[in-house]
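Under this note's numbering, the residue at position 318 of the sequence shown is numbered 318, and the numbers go up by one with no gaps.
Everything labelled a hint here was simulated from the structure, so no lab data went into it.
Ideal placement from N, C-alpha and C gives every residue a C-beta, glycine not left out.
Errors might be hidden in some of the hints.
Said to hold, decoys possible - Just the calculated beta-carbon pair ranges, DEER-fashion:
1. Asp89 to Tyr288: 26 to 34 Å
2. Ile115 to His338: 18 to 26 Å
3. Tyr288 to Pro61: 40 to 48 Å
4. Gln80 to Asp397: 31 to 39 Å
5. Gln379 to Val348: 40 to 48 Å
6. Gly314 to Ile278: 45 to 53 Å
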Amino acid sequence: MRKKYDFSPLISPVVALSALLLFGAPARTEEAVPPADQQEKPAQVRESEKKTALDAGQILPGEMITLERSIAIALKKNPQIVAATGTVDINRSRVGEARANYYPQVSAQAGYTRISPMQSTPTGTFLRQNNYDQYSGSVTVSQNLIDFGKTSSQVNISKYNLQASRFDLNTTSDQVIFNVKQAYYNVLQSRRSRDVTADIVKQFQQHLDQAKGFYEVGTKAKIDVTKAEVDLSNARLNLIRAENAVKISWIVLNNAMGMPHAPEYTIEDDLAVHKFEITFDDALNRAYDNRPDLKALVAKREAAQESVGLARTGHYPELNGSATYGRSGQELDSSLDHGWSAGVVLTVPLFSGFLTSHQVAEAKSNLYVLKANEETLRQQVLLDIQSAYLNLQQANDSIATAELAVQQAQENLDLANGRYAAGVGSPIEVTDAFAAYSNAQASYTNALYSYKIAQASIEQAMGAR
Numbered sequence: 001m002r003k004k005y006d007f008s009p010l011i012s013p014v015v016a017l018s019a020l021l022l023f024g025a026p027a028r029t030e031e032a033v034p035p036a037d038q039q040e041k042p043a044q045v046r047e048s049e050k051k052t053a054l055d056a057g058q059i060l061p062g063e064m065i066t067l068e069r070s071i072a073i074a075l076k077k078n079p080q081i082v083a084a085t086g087t088v089d090i091n092r093s094r095v096g097e098a099r100a101n102y103y104p105q106v107s108a109q110a111g112y113t114r115i116s117p118m119q120s121t122p123t124g125t126f127l128r129q130n131n132y133d134q135y136s137g138s139v140t141v142s143q144n145l146i147d148f149g150k151t152s153s154q155v156n157i158s159k160y161n162l163q164a165s166r167f168d169l170n171t172t173s174d175q176v177i178f179n180v181k182q183a184y185y186n187v188l189q190s191r192r193s194r195d196v197t198a199d200i201v202k203q204f205q206q207h208l209d210q211a212k213g214f215y216e217v218g219t220k221a222k223i224d225v226t227k228a229e230v231d232l233s234n235a236r237l238n239l240i241r242a243e244n245a246v247k248i249s250w251i252v253l254n255n256a257m258g259m260p261h262a263p264e265y266t267i268e269d270d271l272a273v274h275k276f277e278i279t280f281d282d283a284l285n286r287a288y289d290n291r292p293d294l295k296a297l298v299a300k301r302e303a304a305q306e307s308v309g310l311a312r313t314g315h316y317p318e319l320n321g322s323a324t325y326g327r328s329g330q331e332l333d334s335s336l337d338h339g340w341s342a343g344v345v346l347t348v349p350l351f352s353g354f355l356t357s358h359q360v361a362e363a364k365s366n367l368y369v370l371k372a373n374e375e376t377l378r379q380q381v382l383l384d385i386q387s388a389y390l391n392l393q394q395a396n397d398s399i400a401t402a403e404l405a406v407q408q409a410q411e412n413l414d415l416a417n418g419r420y421a422a423g424v425g426s427p428i429e430v431t432d433a434f435a436a437y438s439n440a441q442a443s444y445t446n447a448l449y450s451y452k453i454a455q456a457s458i459e460q461a462m463g464a465r
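Could you build all of it, start to finish, from the sequences and the hints given here?
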C-alpha cells in the first residue's frame with residue numbers, strides 16, 4: 001500500500017509552475033511528415049526538365065504541382081478527355097463522308113482472260129483451236145445530279161453532330177476540371193485534419209505525463225492516469241485514420257489527373273479564400289449562355305430537325321449520270337478496240353411499304369424528345385445555379401463563424417488545462433476541451449474546403465472553368 005505524505009504546502013506552487021511550463025497553450029499545428037507513398041519533397045528539377053514534363057503532361061519526382069498544373073495534366077492525360085476527343089475526330093470524319101456524295105465517283109476496271117476455244121465437226125468431234133489472250137480495261141465516272149436535298153441534309157446533320165461532340169468534349173473537360181479541383185482541395189483538407197490530429201496526440205501525451213506526475217506526488221488519483229491513457233490511445237487511432245485519409249486523397253487526385261502511377265510530388269497549399277463575387281442573375285445568365293451540355297443538346301435538336309427533312313426526301317426521285325470508256329483486244333497494243341457509253345438514270349420511288357412515312361414519323365418523334373430534353377436541361381441549369389449559389393453563400397458565412405469557434409475552443413482548452421494544472425479541474429473537463437478544440441479546427445478546415453468546392457461548383461454550373 002502506497003504510503004501517503006502531506007507535501008501540499010510545497011507541492012502546490014511547484015506543480016502550478018511545472019504545469020504552466022509543460023502544458024501551457026496547446027502546441028501550434030506543425031507540418032507532419034506526409035505518408036511514405038506521397039512524402040513531399042523540395043522541387044529540385046531543372047527548368048528544361050520542367051518544360052519538357054509540362055509539354056508532355058508528365059510529373060517529375062519531387063515537383064511542386066499547383067492546381068493549374070494539375071488541371072493541365074488532367075486535360076492531357078485523363079482517359080475521359082481522350083475518349084471525348086476521339087468522338088470529335090469520329091464526327092469530323094463523318095462530315096467528310098457525307099460530303100463525298102457531292103463529288104463524282106471514279107472507278108477503273110482491268111481484266112485478263114486466257115481462252116482455249118473448241119470447235120465441233122460434222123462427225124460430232126471437237127477440234128481444239130489456237131489459244132489466245134483477251135485483255136480489257138475501262139474507266140467509269142458516275143455523279144449524283146439531283147437528289148432534292150438529301151446530300152445537303154446529310155452534311156448538315158453531320159455538322160451538327162460534330163458541333164455537339166465538341167460541346168460534349170467541353171462538358172467532359174468541365175467535369176474533369178471539377179474532379180481535379182475537388183481532389184486537390186481534399187488533399188489539402190485531409191492534410192490539415194491530419195496535422196490537427198497529430199497536434200492533439202502531442203497534447204494528450206503531455207496531459208498523460210502531467211497526470212502521471214500528479215499521481216506520483218499524490219495530488220491526483222490513478223483514474224486520472226488511466227483516463228489520460230485512454231484519451232491518448234483514442235487520439236492515436238484518430239491519427240491512423242487521418243493518415244489513411246491523406247493517402248486515399250492522394251490516390252484520388254492521381255486518378256482525377258489520369259496518372260494513377262504518378263511519382264512522388266507535392267502540391268501547393270492553397271485553401272486561402274478569395275471571395276467570389278457574383279449575383280444570382282448574372283450566374284444564371286452566364287449558365288444559359290455558356291453551359292456546353294446545353295449547347296450540345298441544342299445542336300442535337302437542330303440535327304434532329306434536319307433529320308425530318310432528310311426522311312422526307314425518301315418521297316423524291318434521284319437523278320444520276322454515268323459515263324464509261326473502255327478498250328479490249330487480244331494484244332496490248334494500239335490494235336485494242338475501244339468504246340464508250342454515257343447516260344442518266346432517274347429513280348422514282350413508287351411504293352416502299354410506307355417505309356418513308358414511318359421514317360418521317362420517327363424523325364419527328366425524336367425531335368420532340370430532344371426538345372423536351374432541352375427544356376429539362378434548362379430547368380436543371382436553374383437548379384444547379386440555385387444550389388451552387390446557396391452553397392457558396394453558406395460556405396462564406398460559415399468561415400467567420402468557424403474561425404471564431406476555433407478561438408473560443410482555444411480559450412476553453414487553455415482554461416481547462418489551467419484548471420487541471422491548478423488542481424481544481426477534472427480529466428473529463430480536459431478531454432471535453434480537447435474534443436471541442438479538435439472539432440472546431442476540423443470545422444474551420446471544412447469551411448475553407450466547402451467554400452473552395454462551392455466556388456468550383458458554381459463555376460462548373462455556369463460553364464466557366
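To see whether the hints hold, each was checked on the structure:
{"no.": "1", "hint": "Asp89 to Tyr288: 26 to 34 Å", "verdict": "holds, 29 Å"}
{"no.": "2", "hint": "Ile115 to His338: 18 to 26 Å", "verdict": "holds, 20 Å"}
{"no.": "3", "hint": "Tyr288 to Pro61: 40 to 48 Å", "verdict": "holds, 45 Å"}
{"no.": "4", "hint": "Gln80 to Asp397: 31 to 39 Å", "verdict": "holds, 35 Å"}
{"no.": "5", "hint": "Gln379 to Val348: 40 to 48 Å", "verdict": "holds, 47 Å"}
{"no.": "6", "hint": "Gly314 to Ile278: 45 to 53 Å", "verdict": "holds, 51 Å"}
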